[in-house]
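Engineer: Whole structure, please, built from the sequences with the hints as guidance.
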Amino acid sequence: MKKSFKPKISKLFIFAVTFFTIVMVLMFHAYSVKKIPLFLLFGVVFLIVDALYLFPNIFYTRYTFEEQYLVIREWPFKFTRVFYEDVVGFDDADKTDKVKNAAMSFSTVSIGYYDDDDVKRYIEVSPADYEMFLLVLSSRVKNFSDAEKLRVERIARAKDEKHKRRQKYLERIEEEKKLEQEKIRVIKVSGLVKEKGFSVISGE
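The numbering of the sequence shown is my numbering, which starts it at 755 and goes up by one.
Worth double-checking, as some hints may not be accurate.
[Claimed, not checked] With a cut-off of at most 35 Å between alpha-carbon atoms, the simulated DSBU-like pairs for lysine-lysine come out as follows:
no.: 1; residue 1: K937; residue 2: K922
no.: 2; residue 1: K913; residue 2: K757
no.: 3; residue 1: K756; residue 2: K852
no.: 4; residue 1: K854; residue 2: K916
no.: 5; residue 1: K762; residue 2: K896
no.: 6; residue 1: K896; residue 2: K916
no.: 7; residue 1: K937; residue 2: K916
no.: 8; residue 1: K916; residue 2: K932
no.: 9; residue 1: K896; residue 2: K756
no.: 10; residue 1: K896; residue 2: K913
no.: 11; residue 1: K916; residue 2: K874
no.: 12; residue 1: K913; residue 2: K932
no.: 13; residue 1: K760; residue 2: K854
no.: 14; residue 1: K931; residue 2: K918
no.: 15; residue 1: K765; residue 2: K788
no.: 16; residue 1: K922; residue 2: K874
no.: 17; residue 1: K854; residue 2: K918
no.: 18; residue 1: K896; residue 2: K854
no.: 19; residue 1: K849; residue 2: K896
no.: 20; residue 1: K757; residue 2: K852
no.: 21; residue 1: K913; residue 2: K931
no.: 22; residue 1: K854; residue 2: K832
no.: 23; residue 1: K918; residue 2: K932
no.: 24; residue 1: K916; residue 2: K852
no.: 25; residue 1: K874; residue 2: K762
no.: 26; residue 1: K849; residue 2: K757
no.: 27; residue 1: K760; residue 2: K852
no.: 28; residue 1: K832; residue 2: K852
no.: 29; residue 1: K852; residue 2: K874
Note that these hints are calculated values from the structure, not bench results.
Structural biologist: Now the structure itself:
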């Protein structure tokens, strides 16, 4: 069953949205009065930042619990899938660990997990309903009691599929080479005088 959480928006981010919007309106108004191109340029720049970054971040960022993994959706069109069996802890990252930020607030939780290359990673999120988010995540993780086994099996399947695709590719290349060689092996016949017979020259 899917369950989606909106991000908690920090006051700083709200201030940035408000500031850029007000400045944009003022710039367009100033241009309409003074007709100075610089005002128009600044208005367009602030509009682009507002329309292509600030507002989309608010409406696009989501943390969705799917059946087997948590989907962390970020703008622009970024998706991080954290499988429940890969989760190893919360807020236990060291200063030396790299933490990917997918939060829009200072009230965050860092999720530690293993990726398909068996490397431990962290991703930081800021759900609006912080306690419910942790409750759901903990429940989903506990449901995967054979976490290590499932993770190893999934990685093995992925590697096996990759090996099969590589094998098919090599077989196809080999077939193409054979067909090319068949075309090259053309027996050339140079004719002599009929009564003296023919000389057959092999292309090999």
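Engineer: Hint by hint, note whether the structure agrees.
Structural biologist: Status of each hint after checking the structure:
1. Among the hinted pairs, K937 with K922 is consistent with the structure: their alpha-carbon atoms are about 23 Å apart, no more than 35 Å.
2. Between the alpha carbons of K913 and K757 the distance comes to roughly 30 Å, so the proposed pair stays at or under 35 Å and holds.
3. For the hint pairing K756 with K852, the CA-to-CA distance comes to about 29 Å; that is within 35 Å, so the pair holds.
4. Between K854 and K916 the CA atoms are separated by roughly 27 Å; this keeps the pair inside 35 Å, and the hint holds.
5. With a CA separation close to 25 Å, the supplied pair K762 and K896 stays within the 35 Å bound.
6. A hinted pair counts as satisfied when its Cα atoms are at most 35 Å apart, and K896 with K916 qualifies at roughly 30 Å.
7. Proximity of K937 to K916 is assessed by CA-CA distance (about 32 Å); at most 35 Å being required, the pair is judged to hold.
8. Using a Cα cut-off of 35 Å, the hinted pair K916 and K932 holds, with the two alpha carbons roughly 25 Å apart.
9. Proximity of K896 to K756 is assessed by CA-CA distance (about 17 Å); at most 35 Å being required, the pair is judged to hold.
10. Proposed proximity of K896 and K913 is supported: the alpha carbons are some 26 Å apart, at most 35 Å.
11. Using a Cα cut-off of 35 Å, the hinted pair K916 and K874 holds, with the two alpha carbons roughly 22 Å apart.
12. At roughly 29 Å between alpha-carbon atoms, K913 and K932 fall within 35 Å of each other, so this suggested pair holds.
13. Only pairs whose Cα atoms come within 35 Å are accepted, and K760 paired with K854 is accepted, the gap being roughly 18 Å.
14. With a C-alpha separation of about 20 Å, the suggested pairing of K931 with K918 holds against the 35 Å cut-off.
15. As the CA atoms of K765 and K788 are separated by approximately 34 Å, the hinted pair is consistent with the 35 Å bound.
16. Note on K922 and K874: the hinted pairing holds, with a Cα-Cα distance of about 32 Å set against a maximum of 35 Å.
17. Taking the CA atoms of K854 and K918, the gap is about 32 Å. The hint holds against a cut of 35 Å.
18. Taking the CA atoms of K896 and K854, the gap is near 24 Å; set against the 35 Å cutoff, the hint holds.
19. At most 35 Å may separate the alpha-carbon atoms for a hinted pair to count; K849 and K896 meet this at roughly 27 Å.
20. Restraint check for K757 and K852: the C-alpha separation of about 28 Å stays at or below 35 Å, so the hint holds.
21. With a C-alpha separation of about 27 Å, the suggested pairing of K913 with K931 holds against the 35 Å cut-off.
22. A distance of roughly 12 Å separates the Cα atoms of K854 and K832; the hinted pair therefore holds under the 35 Å criterion.
23. The suggested pairing of K918 with K932 holds, with an alpha-carbon distance near 21 Å, which does not exceed 35 Å.
24. As the CA atoms of K916 and K852 are separated by approximately 28 Å, the hinted pair is consistent with the 35 Å bound.
25. Under the criterion of a C-alpha separation no larger than 35 Å, the hint pairing K874 with K762 is consistent with the structure, at around 26 Å.
26. For the hint linking K849 to K757, the alpha-carbon distance of about 31 Å falls within 35 Å, and the restraint holds.
27. Distance hint between K760 and K852 is fulfilled; the C-alpha atoms sit about 24 Å from each other, no more than 35 Å.
28. Proposed proximity of K832 and K852 is supported: the alpha carbons are some 18 Å apart, at most 35 Å.
29. With a CA separation close to 9 Å, the supplied pair K852 and K874 stays within the 35 Å bound.
In summary, the structure agrees with every hint in the numbered list given earlier.
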